[in-house]
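Asks: Whatever position you read off the sequence shown (first residue = 1), add 1 for our numbering.
Hints listed in this document are in silico derivations from the structure and should not be mistaken for laboratory results.
Don't take every hint at face value.
[What the hints assert, rightly or not] Here are the simulated distance ranges between beta carbons:
#, residue 1, residue 2, range
1, 95, 145, 49 to 55 Å
2, 404, 678, 50 to 56 Å
3, 640, 1002, 39 to 45 Å
4, 1002, 929, 42 to 48 Å
[What the hints assert, rightly or not] Taking lysine-lysine pairs in the DSS-like style, the calculated list, with each CA pair at most 30 Å apart, reads:
#, residue 1, residue 2
5, 928, 584
6, 302, 665
7, 904, 624
8, 160, 414
9, 160, 468
10, 100, 414
11, 405, 69
12, 148, 121
13, 468, 136
14, 665, 136
15, 121, 100
16, 302, 913
17, 584, 162
18, 112, 913
19, 1030, 1018
20, 69, 302
21, 100, 112
22, 302, 468
Values in this document were obtained by computation on a predicted structure and should not be read as measured data.
Note that CB positions come from ideal geometry on N, CA and C, so glycine has one too.
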Amino acid sequence: MLSENFPAFSYFLLFSAFISLGILLEIWRKANRSLPLRGPPSGNLFLGVSRQINLCTRGTLLFEGWVKEYGPVFKIPIVMGGESLVICDPNLASRILAKDTTDYVKGPGMKAIAETVVGKGVVWAEGESHRRQRKSLNPVFNPSGLKEMLPTMYHLAYKLKNQWETLIDTNIVTNFVDVEVHECVDTIGITAFNYEFHALQGEQSLVYRAMRSFNLETPSIVSLICHVATLYIPFAQYLPTGRNNHFANLSIAAEEILAKLLADRRKEHVPTHSGELRYVKSLIEVLLDAETSGGNMAISKDEILAQMKSILMAALDPPSTAIAWVFVELARHPELQTRLRNEIRSFSNAEPTWDQLHGNSLPLLNAVVMEVLRLRGALGETYRRAAIDDVLTLSEPLIDTNGKAIHELFIPKGTDVLIPNRYLNCNVTSWGHDAHEFNPERWIKKDTEANMRLWTFGEGARSCVGKLFAMAEMKILIFVLFRDFTFELPHGPDTPLDYHLDHALPIAGVGLFLAILKHLISRPTPISLRGPARAHWLFGVRDRIGLSPEAKYLFEDWYREYGPVYRIPTFLGGEALVISDPKIASYVLGRDTYDYIKPEALRGIVERAVGKSIVWAEDDVHKRQRRSLNPAFSPMAMRDMIPVMFNLGHEASCHIHMKNGWDKAIDASSDGVAQIEMHDWMLRFTVDCIGSCIFNHQFNGVRGEDSLVLQALSAFNGEQPSVMAILFHIVTLYVPFAGGIPFGRNKYFFNLSISAKKIMDGILAERRNNVGVVEDHKRKKSMIEMLIDGEGEKDDTQVPIGEATSQMQSIMVAGSDPPATALVWAFIELARNPDVQIRLREELTSFANAEPTWNQLHGALPYLDAFVSEVLRLHGSIGETHRVAAQDDVLHLREPIIDASGKAIHEVHVAKGTEVLVPNHFLNCIKSTWGEDGHDFNPERWLREDAQFDEHEHADFGSRARIWTFGEGPRHCIGRTFSMAQMKILLIILLREYSFELPDGPSTPIDYHLSIFQRPKLRDAEGAQVFLKVSRV
């Protein structure tokens, strides 16, 4: 519920502001992408021509007119001044759909709607997730599985026939479409779910009522316009209309079925429902088997539920509508109806087998079904968005906006693409001059191949998995009913028919108000624990955490008052569970990517920043990506990188000596001391390390070149972000779309993306130029080369280019900026602690001018190891880890805590959807693990053997796995060893030659620069700047 202290007018202002920001974002995105094609003018300031397409009952004629005027490929104006590419060439459309789920994907609006309606099932999924889910569905819908369903389909068709005979005998008038919904509900219930809806017996299940509601309501023009907006504006989908209530009923019904099936599966025997029917393993039972099978085929309970809802939608409404059209068309064509009946009766009382239904035994029946599906398909248009840059080679030249003839079309990443399925099903070029007429004969002629390009069921990776099921259901019902009944329209063949405008998707509203409303409604059960009071009506205590440079002290105070597990108030009245017990935190993060996952909004931020990389991925996709990256960061690979790092370190040192570096500044000073800004030099070194060691690419930062990567990362060291900018970042953790607002920092990530793409293009060009050239096996391949070549993978070896580019962006950020910041902190701590600096230099000079090997770096320099570990413990880049419980869970406490009611509890129940926060910085200095001096910089703690620590933690104390800086579990930092090696090597090179002091001595105040990662800065410096006094040793 909304807070009683929250002013209604403040809500209004907040919601209005965010709605305006959302609209401006979409306008900005559209304005920066224009296609050089001709097309119709905008018919509406807000909706373009989208309103015409969706409100026109004969939309095929619109596209036909545009094709005649502009050619088979053109652009149309859409929502908010944007543009969409329209593909009316069947071959080009087929090429695009063949690359569906990877290169061309559903737009954010379509995905958000799909998730709202049916969950994260096969309709929602993309890429790896789609392939896995599709593979799990295939066994049920292949011919062998469908053959087993025929007896059930015949049984239900005869049951419907018997009901009709009763209606005829009693002269009762019935709604034909209503009866068809009954039959389809029962058919899908038994064949797919082994579940009896009993719709044909008059029971009105939730599923039946939800589906029937779409036949009763006629949506208003306003609601249709809102529906158009949802296709392009992701957050415009949560208006609580009556139709959304119907989809909620579908969800409830699906959950009831799943609960019953799970109960049945626990029984020893397979349930039977009727002696008349032969029940086989249903779809849901196949999925339940997959749930317990493990491996790549494992399906979660949520995915099973999503598949059920998807099938209920796709297998009920479109087939029942198509069957209704069959009867309408045959009533319009009495002679054709007679011919079909004669063909059916040629079978006498026999029932066609699967092969007869789908072979040449019933040619007219097959032709009638195909022709109805061609003209009356449920899918009007297919909406996709280009996930990569692409080039379409045109079958014939087009005239562009400049009047020039073009033979190919460049499609930028992010371009909206529309494929008009209904138009392709009746375009004159493919189907002849009678393309708009109902003529089943076209399917019987031996010289036509048009049936190969039926667009009703889509094409490519997303072609309808239930195509054969739907066609078998239609044919069986026609076979049973037309053998004994005749059909006429009320006023003869010329009876006028209108269209009932309906949607396969729910009607939605526009604005952040609705997204926030969903956030409030879908909030999990309140956490019955104690915790701090709400400090801010909007942010709870999130603003205190986000704005505090030392938030670990906040968590320490709360830990002392409420215990190791408590709740904190968060955004818009929400709550988060804080885990400050190291063992429980380790348990939670150990189940990361499956049971505890990143919040959807946080994943959206990551995707916009660095793409769908390992930082973004969850579950099996994360496991696959992690496995593909492991070879590049293995100990063997690291041994090969050590000489490269030393070379870069010496190169940096040489650059410093020989040009306008440190020695020149030292010599120019009167006292032999130079002021050196550390952030810039450390970032140049780490960026060059990543480029040379991981990508085989030279950024040349230590030589003074400012690459796009260096510029982008250096930009985060600029001016201090405003309080409003930091608060807005907090909002993005809870409201997905807010992360896409085009602030300046997004441009820096855009520069990273451009740089990654240029590097990838260079690698690919080199690959193409070296085709046929014998490879030099002595040269070590870079990580990106290994990804492209598929090395280190057990299956699905080759990684898509787009995914490899995303991995590059992630590693550029995570592998350069945090280590550079840690190095700056290392030199600050050396300047703060002169005794530590002297002792560390003595250890390093014991190697004289020699370079430690890999084994020596990790064993022969104990004080260096202790120093680096202590820097990383106190100055890690990640302050908190945010996760959401993907399922219900129970946390077992090591000692009881007092809950909100004052009772002592030994376990905490975590409801699905609960936000979980692990305070990494606090766990890195918690006194129960690190002692009373947990907040002090003390490398000695890593060396002493008689230290008294918490007995539960003592066994793991010496392991870096207990430093929470690198995370823990499946998501622990894959480049941890690489980062530590970077730090050690540069410290070895520089500390042997130079000494470091702070400008005003060891007590010089250090503040924090709040940015993508928290950076140190001198108190009065502009941006993240740390000047140290550097002199020769």
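Asks: Would you mind marking each hint as holding or not holding in the structure?
Replies: Against the structure, the hints come out as follows:
1. 95 / 145: 49 to 55 Å: Given about 28 Å between the Cβ atoms, the range is violated.
2. 404 / 678: 50 to 56 Å: holds, 55 Å
3. 640 / 1002: 39 to 45 Å: holds, 41 Å
4. 1002 / 929: 42 to 48 Å: The hint (42 to 48 Å, Cβ to Cβ) is violated, given that residue 1002 and residue 929 are roughly 34 Å apart.
5. 928 / 584: holds, 14 Å
6. 302 / 665: violated, 66 Å
7. 904 / 624: Since the Cα atoms of residue 904 and residue 624 sit roughly 41 Å apart, the hinted pair is violated (cutoff 30 Å).
8. 160 / 414: Violated, at roughly 53 Å.
9. 160 / 468: holds, 24 Å
10. 100 / 414: Distance of about 14 Å is within 30 Å: holds.
11. 405 / 69: The given pair, whose Cα atoms are some 18 Å apart, holds under the 30 Å limit.
12. 148 / 121: holds, 29 Å
13. 468 / 136: OK: residue 468 and residue 136 at ~15 Å, within 30 Å.
14. 665 / 136: At roughly 65 Å apart (the allowed maximum being 30 Å), residue 136 and residue 665 break the hint.
15. 121 / 100: Judged against 30 Å, a Cα distance of about 20 Å means the pair holds.
16. 302 / 913: holds, 12 Å
17. 584 / 162: Outside the cut-off at roughly 65 Å; violated.
18. 112 / 913: At roughly 22 Å apart (the allowed maximum being 30 Å), residue 913 and residue 112 satisfy the hint.
19. 1030 / 1018: It holds: about 15 Å lies between the C-alpha atoms, which stays within 30 Å.
20. 69 / 302: This hinted pair is violated, its Cα atoms lying about 50 Å apart.
21. 100 / 112: At roughly 17 Å apart (the allowed maximum being 30 Å), residue 112 and residue 100 satisfy the hint.
22. 302 / 468: Holds. Residue 302 to residue 468 sits at ~25 Å (cutoff 30 Å).
Hints 1, 4, 6, 7, 8, 14, 17 and 20, counting from the list given before, are not met by this structure.
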